[in-house]
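Participant: Listed below are the residues making up each chain.
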Amino acid sequence: MYPRPIGEYHRPASLHEALQLAGSGRGGAIYIAGGMSLMQALKSRVAEAERLIDLNHIAELRGIAEEDGGLTIGAMTRHRDLAAQAGRLGAYEAIADAAAHVGDRQVRNRGTIGGSLSWNYVAACLPTVALGCGAVVRSVGTSGERVETPIDAFQKGALTTALEEGEIVTAIHFPRAPAGAGSAYRKWGIVHDALPVIGVCVHVQTADGRITGGRFAVTGLADGPARSARAEAQMAQGFAATDAAAISACAAAAAEELSPPGDAWVSADYKKELIAQLGREMLALAAARATGG
Amino acid sequence: MAQTIRVVVNGRTVERSVPERMLLVDFIRDELGLTGTHQGCTYEGVCGACTVHLNGEAVKSCMMLAVQADGEEITTIEGLARDGALHPVQKAFNEHHALQCGYCTSGMIMNAVDFLRTTPAPTEAEIRHALIGNICRCTGYQNIVAAVAAAAAAMRARAAE
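Residue numbers (the numbering used here), protein chains in the order written: chain B, 13 to 305; chain G, 144 to 304.
Honestly, the hints are just simulated from the structure, not real lab data. Small disclaimer: the values here were computed from a predicted structure and weren't measured. We treat Cβ as the ideally placed atom computed from N, Cα and C, and that holds for glycine. Errors might be hidden in some of the hints.
Claimed, not checked - Simulated restraints on C-beta separations:
1. G:Arg280 to B:Pro190: 48 to 56 Å
2. G:Val157 to B:Glu20: 18 to 26 Å
3. G:Ala145 to B:His69: 36 to 44 Å
4. B:Asp220 to G:Val151: 35 to 43 Å
5. B:Pro162 to G:Asn198: 50 to 58 Å
6. B:Trp277 to G:Ala297: 36 to 44 Å
7. G:Cys184 to B:Pro162: 35 to 43 Å
8. G:Cys281 to B:Glu79: 44 to 52 Å
Said to hold, decoys possible - Some, not all, of what chain B presents toward chain G, calculated at C-beta under 8 Å:
9. Arg16
10. Pro17
11. Ile18
12. Gly47
13. Met48
14. Glu62
15. Leu64
16. Asp66
17. Gly115
18. Asp116
19. Trp200
20. His204
21. Leu207
22. Tyr282
23. Lys284
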């Protein structure tokens, strides 16, 4: 576990400078954000950096701001800072739910939301929350063109995104949610706060105490996080926010639809049960948050 | 391929030329000879033994490059004591027998010091949650948790004086 020689290390102070470094036409550039996944890849030599461009000193990539009633989170905002927002995120509490249990304190002190989304590991929390909450990923390419990509189009499967070479995620935008919206995320791992075997993010819309629609995203699948069309169809049909039977049926539909194969540690049946149980709990919690319960 | 970096380590500025790929933990141990920071899991990033403070915050020093610490402040276990007096967390680890082999201890203490800075009156559950990133293979967690709780109480008492 030791990196191959790294050709150059750069520490740009601005986005412009970072893009110029990456776009110099020489290739071989890798951005490092918090490094909590990338350093592992460099040390195990899965990844190699001819030129490493460190994004940790670009102030414009950090921070949490309200924008048009929605929420915009700078890509280099750390998990620790997101976790500290618990209770203040309105329809997007799922972000703090997830950030508070990524890895451990040391990882949360370094790891970033933009890094996590860019890496898009198959069992990761923040990409699942972004998918479940319908986020929009803002990025800028080496040509300087700014792009907004809906999360469904941004995520392209395991460790793959719509990002092109040299493109940097600048922020993740969570659009203004109508009144009566709420979200929740929880995972189950082999040990506490480990990478999720299964994680579920639910975002619901409610009106007059009824769920009227929402999004249901699951992580721990072979191809990265995915939504359950069946669960979302049931939510769109609508049921009372406290209807335990309807909540169970909705989560069970997701488990049936997305159930991943077993592995050396966890059987397929167990994963299915995890989707069903976490789904029930997160639907109920998101609904309770949405209705102020 | 090397870069010259200047890092404030335990209050003293050091300047060295280091290869870009050198991990921060190796800079601390091999370049500076501060061997109180341990490597437990051969750089896998899972054991927490190499935890140090980067600008006051607990980080695993095998998960960063030394060049990333250029211009920053690093505190290691050697930098905790003040005027020859152990830090309250060090003192509590001693008094509560919170170490057996001692290998994980410096990382545990560095993490606990940062934790108590942000959470001065933790519950037992919060202490256990805070220490997830630090593995003790002697399974001495009971005494470690007790020591962190005692240190928190001692630090609160001292702050109230």
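Participant: Hint histidine 204 (chain B) vs chain G: min CB-CB distance below 8 Å?
Facilitator: 6 Å, holds
Participant: Quick one: are aspartate 220 (chain B) and valine 151 (chain G) within 35 to 43 Å, going by C-beta?
Facilitator: 59 Å, violated
Participant: Using 8 Å as the Cβ threshold, decide whether tyrosine 282 (chain B) counts as touching chain G.
Facilitator: 23 Å, violated
Participant: With a cut-off of 8 Å on the beta carbons, see whether tryptophan 200 (chain B) makes it to chain G.
Facilitator: 15 Å, violated
Participant: For the hint on glycine 47 (chain B), does the least C-beta distance to chain G fall short of 8 Å?
Facilitator: 6 Å, holds
Participant: The hint says 36 to 44 Å between tryptophan 277 (chain B) and alanine 297 (chain G); measuring C-beta to C-beta, is that right?
Facilitator: Given about 41 Å between the Cβ atoms, the range holds.
Participant: Tell me if the interface restraint on arginine 16 (chain B) is satisfied: Cβ within less than 8 Å of some Cβ in chain G.
Facilitator: Holds, about 7 Å.
Participant: Take the C-beta atom of proline 162 (chain B) and the C-beta atom of asparagine 198 (chain G), compute their distance, and say whether it sits inside 50 to 58 Å.
Facilitator: 36 Å, violated
Participant: Per the hint of 48 to 56 Å, is the separation of the Cβ atoms of arginine 280 (chain G) and proline 190 (chain B) within bounds?
Facilitator: Because 52 Å falls inside the window, the suggested range holds.
Participant: Are glutamate 62 (chain B) and chain G close enough, Cβ to Cβ, to be under 8 Å, as the hint says?
Facilitator: Constraint on glutamate 62 (chain B) not satisfied, violated at 11 Å.
Participant: Do the Cβ positions of alanine 145 (chain G) and histidine 69 (chain B) conform to the proposed distance bound of 36 to 44 Å?
Facilitator: 20 Å, violated
Participant: Can the hint on lysine 284 (chain B) be confirmed by a CB-to-CB distance to chain G that is less than 8 Å?
Facilitator: Violated, about 27 Å.
Of the numbered hints given earlier, the model fails hints 3, 4, 5, 14, 19, 21, 22 and 23; all others are met.
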